[in-house]
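*Asks:* Sequence:
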Amino acid sequence: MLRLYIAGDTPSARRALESRLRIMKEWAGGIEIHIVDILAHPEAAESAGILATPTLSDERATPPRRLIGDISNTAQVLDYFGFRGKDSGYDHS
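Heads up, the sequence shown is in this note's numbering, so the first residue is 1202 and it goes up one at a time.
Just so you know, these hints were derived from the structure itself, not from any lab. Take these hints with a grain of salt, some might be off.
[As the list claims (entries may be wrong)] Here are the in silico distance ranges between beta carbons for each label pair: (1) R1223 to I1269: 13 to 21 Å; (2) L1252 to R1216: 27 to 35 Å; (3) S1213 to E1247: 15 to 23 Å; (4) H1242 to R1215: 28 to 36 Å; (5) G1250 to G1209: 14 to 22 Å; (6) E1247 to A1276: 27 to 35 Å; (7) G1283 to L1240: 27 to 35 Å; (8) E1227 to R1266: 14 to 22 Å; (9) D1280 to E1233: 16 to 24 Å; (10) M1202 to I1269: 17 to 25 Å; (11) D1280 to E1244: 27 to 35 Å.
Please read all numbers here as calculations on a predicted model, not as lab measurements. Quick reminder that beta carbons are idealized off the backbone N, C-alpha and C, glycines included.
Build out the structure end to end from the sequences listed, making use of the hints.
*Replies:* Pasting the structure below:
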């Protein structure tokens, strides 16, 4: 599961939310990206060790893989988290 940590309704949070929709649309395998607003749920950010937003975190990996900041390049995001290519190591079914 992926989580997108944002802080309220800032311009960077809005851009991250728009990017989230593009990422989910691009990957027809059904990526779920749950949104966590750290202003509404600071305990979630603290327990996950989130220090900056926006942060996209892959909770399936140990330790979690994270991208901090701009996630607008959909292809790079999908590659980083292993959602493209048959050798990605993830079962996308």
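*Asks:* Hint by hint, note whether the structure agrees.
*Replies:* To see whether the hints hold, each was checked on the structure:
1. R1223 to I1269: 13 to 21 Å: holds (18 Å)
2. L1252 to R1216: 27 to 35 Å: The hint (27 to 35 Å, Cβ to Cβ) is violated, given that L1252 and R1216 are roughly 19 Å apart.
3. S1213 to E1247: 15 to 23 Å: holds (20 Å)
4. H1242 to R1215: 28 to 36 Å: violated (18 Å)
5. G1250 to G1209: 14 to 22 Å: holds (20 Å)
6. E1247 to A1276: 27 to 35 Å: holds (32 Å)
7. G1283 to L1240: 27 to 35 Å: holds (30 Å)
8. E1227 to R1266: 14 to 22 Å: Roughly 18 Å apart at Cβ, these two residues keep to the hinted range, so it holds.
9. D1280 to E1233: 16 to 24 Å: holds (19 Å)
10. M1202 to I1269: 17 to 25 Å: holds (18 Å)
11. D1280 to E1244: 27 to 35 Å: holds (32 Å)
Violated hints, listed in ascending order, are 2 and 4; each of the other numbered hints is respected by the structure.
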